[in-house]
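Working from the sequences, and respecting the hints, build out all of it.
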Amino acid sequence: MTTPPVPATAPNTLPSSPWYERLSWLFVLVVGVFAYIVIFVVMLLTRNTTLLPTVLLVGAGTVPLTVLLAAQTTRRGILVPIPIVLLTVGVGGLLAVTIAGFLETIAALILGQESILLVGIIEETAKLIVPLLVLAIAHRATRGGGIAVGIAAGTGFAVLETMGYGFNALLERGGGLAALDSTLVLRAILVPAGHVAWTGAICAAVWHLVEGRRKGLAVLELVLTYVAAIVLHTAWDATSSAVLHVLIGVVSVGALVFLILRAHRSHVRSLESVAGDPR
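Residue numbers (the UniProt record's numbering): 1 to 279.
I should point out that these hints are in silico values taken from the structure, not numbers from a laboratory.
Owing to the predicted nature of the structure, the values given are computational and were not obtained by experimental measurement.
Hints may be right or wrong, so weigh each one.
Said to hold, decoys possible - Listed next, with one range per pair, are the computed distances between beta-carbon atoms: (1) V246 to G175: 21 to 27 Å; (2) K215 to I137: 19 to 25 Å; (3) I189 to I110: 30 to 36 Å; (4) W19 to L109: 40 to 46 Å; (5) L261 to V30: 19 to 25 Å; (6) I110 to F258: 34 to 40 Å; (7) L217 to L171: 45 to 51 Å; (8) I37 to V251: 17 to 23 Å; (9) T105 to G212: 45 to 51 Å.
Every residue gets a Cβ at the ideal spot worked out from N, C-alpha and C, and that includes glycine.
Written as structure tokens, this is what we have:
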């Protein structure tokens with residue numbers, strides 16, 4: 001009597017991500033905040049300006065990277081292969097900042113202060129270039145991971161933009177290290193409600209359009225998401241109202257958390273479905 005073969009993947013045996021991988025976002029947040037404080041204090045005490053690039057990078061990168069890791073890691077593994085994420089952060093950020101900076105300068109020369117109304121359109125579109133290339137070239141490897149790819153692109157852009165704002169705060173009249181510190185801290189607090197959330201939401205809608213069956217609804221979702229991101233971005237730039245900024249932040253962060261959780265549930269369900277897990 002022969003023993004029946006054991007299935008390659010038995011139900012309820014899917015490996016879970018190790019705890020240190022699931023909590024990597026918390027590790028990065030704690031270490032990043034601690035490192036920023038230590039490096040900034042050492043720079044003040046020693047007046048060693050060679051530490052300035054490190055202060056800018058750590059101050060600008062800690063929170064966006066934290067959000068990216070939280071979005072990327074599920075209890076059953078990561079959404080998108082790490083090389084694709086790193087490529088999107090680096091190339092996506094560099095390309096988007098360069099294109100947006102060029103177009104915004106031209107718009108300012110032509111329209112003056114009214115060009116602020118185009119900033120949202122320019123930046124939200126520029127940040128989509130590399131994610132769309134990733135979708136075209138590596139869709140199978142990123143299936144269901146549009147939110148992670150979008151957050152990666154938003155992270156690259158946000159880090160470089162924050163470093164630029166911090167450097168400007170340091171150099172402008174009445175600025176200095178205190179202005180640099182306040183700029184980096186404020187933008188770190190606000191970044192999950194800005195580029196990270198808006199680009200993440202748009203890319204989640206793009207991936208949903210490609211992968212979903214109900215194309216009509218998916219197209220509508222993409223259009224509404226893209227327009228909403230531009231409207232929120234423009235409203236944020238065009239007003240100094242703290243109340244409106246808080247409202248925009250709540251809406252953006254709420255949408256970001258919802259989309260991350262939805263992507264995680266979908267990823268886990270798809271893996272368990274393939275493995276024959278009944279849960």
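(request) Using the beta carbons of T105 and G212, state whether their distance is inside 45 to 51 Å or not. (result) At roughly 38 Å between Cβ atoms, G212 and T105 fall outside 45 to 51 Å, so the hint is violated.
(request) Kindly confirm whether 19 to 25 Å is satisfied by the beta carbon distance between K215 and I137. (result) With Cβ atoms ~22 Å apart, the hint holds.
(message) Does the beta carbon distance between I189 and I110 stay inside 30 to 36 Å, or does it fall outside?
(response) holds (34 Å)
(request) Take a look at whether the Cβ-Cβ distance between L217 and L171 falls inside 45 to 51 Å. (result) holds (49 Å)
(message) If I claimed the Cβ atoms of I37 and V251 lie 17 to 23 Å apart, would that claim hold in this structure?
(response) violated (31 Å)
(request) Can you let me know if the beta-carbon spacing of V246 and G175 is within 21 to 27 Å? (result) holds (26 Å)
(request) For the range 19 to 25 Å, tell me whether the beta carbons of L261 and V30 fit it or not. (result) holds (23 Å)
(message) For the hint 34 to 40 Å, verify it against the beta carbon of I110 and that of F258.
(response) holds (38 Å)
(request) State, for the Cβ atoms of W19 and L109, whether the hinted interval 40 to 46 Å holds or is violated. (result) Between W19 and L109, where Cβ atoms are some 53 Å apart, the hint is violated.
When held up to the earlier numbered hints, the structure conflicts with 4, 8 and 9 and fits the remainder.
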